[in-house]
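Student: So the protein sequences, as listed, match chains U and R.
Sequential numbering of the first sequence, starting at 3, is according to this note's numbering.
Sequential numbering of the second sequence, starting at 3, is according to this note's numbering.
Each hint should be verified, as a subset may be incorrect.
As the list claims (entries may be wrong) - Here are the simulated DSSO-like cross-link-like pairs (lysine-lysine), alpha carbons at most 30 Å apart as the crow flies:
(1) R:Lys79 <-> U:Lys318
(2) U:Lys79 <-> R:Lys192
(3) R:Lys79 <-> U:Lys192
(4) U:Lys221 <-> R:Lys79
(5) U:Lys192 <-> U:Lys318
(6) U:Lys221 <-> U:Lys318
(7) R:Lys192 <-> U:Lys169
(8) R:Lys169 <-> U:Lys175
(9) U:Lys7 <-> U:Lys192
(10) U:Lys192 <-> R:Lys318
(11) U:Lys169 <-> R:Lys318
(12) U:Lys192 <-> R:Lys175
(13) R:Lys169 <-> U:Lys221
(14) R:Lys169 <-> U:Lys169
(15) R:Lys7 <-> U:Lys318
(16) R:Lys221 <-> U:Lys79
(17) U:Lys7 <-> U:Lys115
(18) R:Lys79 <-> R:Lys175
(19) U:Lys7 <-> R:Lys192
(20) R:Lys115 <-> R:Lys169
(21) R:Lys115 <-> U:Lys79
(22) U:Lys192 <-> R:Lys7
(23) U:Lys169 <-> U:Lys221
(24) R:Lys221 <-> R:Lys175
(25) R:Lys79 <-> U:Lys79
(26) R:Lys318 <-> U:Lys7
(27) U:Lys7 <-> R:Lys221
(28) U:Lys169 <-> R:Lys175
(29) U:Lys175 <-> R:Lys79
(30) R:Lys7 <-> U:Lys175
(31) R:Lys7 <-> U:Lys7
(32) U:Lys79 <-> R:Lys169
(33) R:Lys221 <-> R:Lys169
(34) R:Lys221 <-> R:Lys115
Stated by the list, open to error - Covered stretches of chain U (in silico footprint by chain R; criterion: 3 or more residues with CB under 8 Å from a CB of chain R, positions within the stretch not fixed):
(35) 4-15
(36) 156-162
(37) 176-187
These are computed hints drawn from the structure, not numbers from a lab.
Ideal placement from N, C-alpha and C gives every residue a C-beta, glycine not left out.
Number of protein chains: 2
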Amino acid sequence: MELRKDPITRSWVVLGQTEEPPLTVDPCPLCPGAATGQTLLALPAEGAWQVRVTPHTSPLYRIEGEVGRAAEGIYDKMRSVGAHEIVIETPGHDRRLSQFSDEEIGTVFEAYKRRIADLKHDSRFKYATALKNQGRAAAAEWTHAHSEVIATTFVPRRVLYELRAAKAYFLEKERCVFCDIVRQEERAGKRVVDTQGDYVAFCPYASRVPFETWILGRKHNHQFEVPRSESRRRHLAALLGRTLRRLEQISDAYHMVLHTSPNTGVRRGDPADYWKTIAEDYHWHIEIMPILPKGSRSYALKEIYFNTVLPEDSAKQLRALEASL
Amino acid sequence: MELRKDPITRSWVVLGQTEEPPLTVDPCPLCPGAATGQTLLALPAEGAWQVRVTPHTSPLYRIEGEVGRAAEGIYDKMRSVGAHEIVIETPGHDRRLSQFSDEEIGTVFEAYKRRIADLKHDSRFKYATALKNQGRAAAAEWTHAHSEVIATTFVPRRVLYELRAAKAYFLEKERCVFCDIVRQEERAGKRVVDTQGDYVAFCPYASRVPFETWILGRKHNHQFEVPRSESRRRHLAALLGRTLRRLEQISDAYHMVLHTSPNTGVRRGDPADYWKTIAEDYHWHIEIMPILPKGSRSYALKEIYFNTVLPEDSAKQLRALEASL
Numbered sequence: 003m004e005l006r007k008d009p010i011t012r013s014w015v016v017l018g019q020t021e022e023p024p025l026t027v028d029p030c031p032l033c034p035g036a037a038t039g040q041t042l043l044a045l046p047a048e049g050a051w052q053v054r055v056t057p058h059t060s061p062l063y064r065i066e067g068e069v070g071r072a073a074e075g076i077y078d079k080m081r082s083v084g085a086h087e088i089v090i091e092t093p094g095h096d097r098r099l100s101q102f103s104d105e106e107i108g109t110v111f112e113a114y115k116r117r118i119a120d121l122k123h124d125s126r127f128k129y130a131t132a133l134k135n136q137g138r139a140a141a142a143e144w145t146h147a148h149s150e151v152i153a154t155t156f157v158p159r160r161v162l163y164e165l166r167a168a169k170a171y172f173l174e175k176e177r178c179v180f181c182d183i184v185r186q187e188e189r190a191g192k193r194v195v196d197t198q199g200d201y202v203a204f205c206p207y208a209s210r211v212p213f214e215t216w217i218l219g220r221k222h223n224h225q226f227e228v229p230r231s232e233s234r235r236r237h238l239a240a241l242l243g244r245t246l247r248r249l250e251q252i253s254d255a256y257h258m259v260l261h262t263s264p265n266t267g268v269r270r271g272d273p274a275d276y277w278k279t280i281a282e283d284y285h286w287h288i289e290i291m292p293i294l295p296k297g298s299r300s301y302a303l304k305e306i307y308f309n310t311v312l313p314e315d316s317a318k319q320l321r322a323l324e325a326s327l
Numbered sequence: 003m004e005l006r007k008d009p010i011t012r013s014w015v016v017l018g019q020t021e022e023p024p025l026t027v028d029p030c031p032l033c034p035g036a037a038t039g040q041t042l043l044a045l046p047a048e049g050a051w052q053v054r055v056t057p058h059t060s061p062l063y064r065i066e067g068e069v070g071r072a073a074e075g076i077y078d079k080m081r082s083v084g085a086h087e088i089v090i091e092t093p094g095h096d097r098r099l100s101q102f103s104d105e106e107i108g109t110v111f112e113a114y115k116r117r118i119a120d121l122k123h124d125s126r127f128k129y130a131t132a133l134k135n136q137g138r139a140a141a142a143e144w145t146h147a148h149s150e151v152i153a154t155t156f157v158p159r160r161v162l163y164e165l166r167a168a169k170a171y172f173l174e175k176e177r178c179v180f181c182d183i184v185r186q187e188e189r190a191g192k193r194v195v196d197t198q199g200d201y202v203a204f205c206p207y208a209s210r211v212p213f214e215t216w217i218l219g220r221k222h223n224h225q226f227e228v229p230r231s232e233s234r235r236r237h238l239a240a241l242l243g244r245t246l247r248r249l250e251q252i253s254d255a256y257h258m259v260l261h262t263s264p265n266t267g268v269r270r271g272d273p274a275d276y277w278k279t280i281a282e283d284y285h286w287h288i289e290i291m292p293i294l295p296k297g298s299r300s301y302a303l304k305e306i307y308f309n310t311v312l313p314e315d316s317a318k319q320l321r322a323l324e325a326s327l
């Protein structure tokens, strides 16, 4: 496995076969009692676990060794070093995240937070995040409720573009573009799906797919993984739960990706690390991309998104759906 | 239909429903005798047509009217103005592009060239290109051999990133990054699939999917649509034909996209048009992305490409396949 940089678009591609065969599906390797890997984290800390984090057994990235950045003529490559972990969200084989209580969702978030904060202590990693693939159409590897924590030696393409655009906006306006977006969305109202405490769920103005939904905080904060008050944690968990229950009435498959700021604590002096100063101009958020049964024509036009449903119509439909447990 | 700009990644999204119902599939609307639209171009110019270009009947972009760039608070939008045309590649309902003679493929390219050159005379359009979706898995709209010509009031995201990276490379090295890539690939040999005349087909170093193949010219040229000698036309057509015959033994579905330079003849003085000077630092090429029956895990990791087959192995397999008609 190695990482190669596209010299044209400058995005990194993971290349090669994973070394171990993927975990079996039956019997479920994520159920309690299955001998799946070392426990990196179990929550709650005492008693039976609700959330258990374990290394991925056929990881895209390996935790050991140096990054080994090297040239191959005009190309750039490095070893596929990083972390790839499975977050088992519940011991119950047949439960979905959307069916969890607010407290249970909060515990999953707590696990993301602790693992991301821990991985950011490793100066080799430039980025750490959590993501979830729900459902077969989203290429979930197992049906048992789980998500993934990933740390990479590069900042993923989309996050890099976000960082650049947010920095350019801040340099011009001295305001965070995400804060401006939240304010405008709340004022307009028509794309807002739901709010709770300081958190807002809305369908973004230029949604790439029907019912795309983002969750952002009203208060500026670039890092998801900083500790937060108990009440804020509960608000975020409650809002995510309601949003997922709405979305799952539209589609049973989705991708959920956390976007948080890159690892800034290290490598000072490296000119490639322009994101050292992002505290003011980045804003963590969650992006949920539902996978609709009927493919949109966007794919047919390669690199141009085409979305048949206006986000204000998506938001209106989502608001009308039942959100209680 | 309107175009909205993602304020974070700055890519444009086409939003809304197309106004007309899509064309029927049966009877085939692309067969001779079907009353499909006005003829924008027919080739050869005399006698029965091999290639016929007609407006798309449920277009993503409309040819009439002003672009209407406007703000919506902090957001940017414009009308969905552009051109969307169907290139009927043959009167024969059951023939695929890969089965065409070199001369027939050359005629399809000639149609792309003429339509793109014509559309670039329209100063509203910043970009014009041709693309082909082959097969159901690539979301081809009809089985009858066809491709599309599209002109847009914006430069598509991936092309924009290419232009930026190529410009940065040229500013640093005073060489075209694509020319350097062709030279290194030919020297290394291991990712080269085939060559003909001044054209090279190879699997790119950081291939996003298994068997991804690009076709580039050895001679620097930023515009696909400039007239070329008869022998160069034949070389390109022959190389594409052989490449498609190889690829179709791996997968019967693919996306093929032409990347050419944006519309440079107009709008001088507009600061957004930094690509006016791209003549030296861009290089037209064709990208072919096969769609493999077994989905790669890339999608599961959102925004990070994961490709299980090294491009040198893809190229080796492709070279070993039969390429003759």
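Student: Tell me the numbers of any earlier hints that the structure contravenes, in ascending order.
Tutor: Violated: hints 7, 9, 10, 11, 12, 13, 18, 21 and 25.
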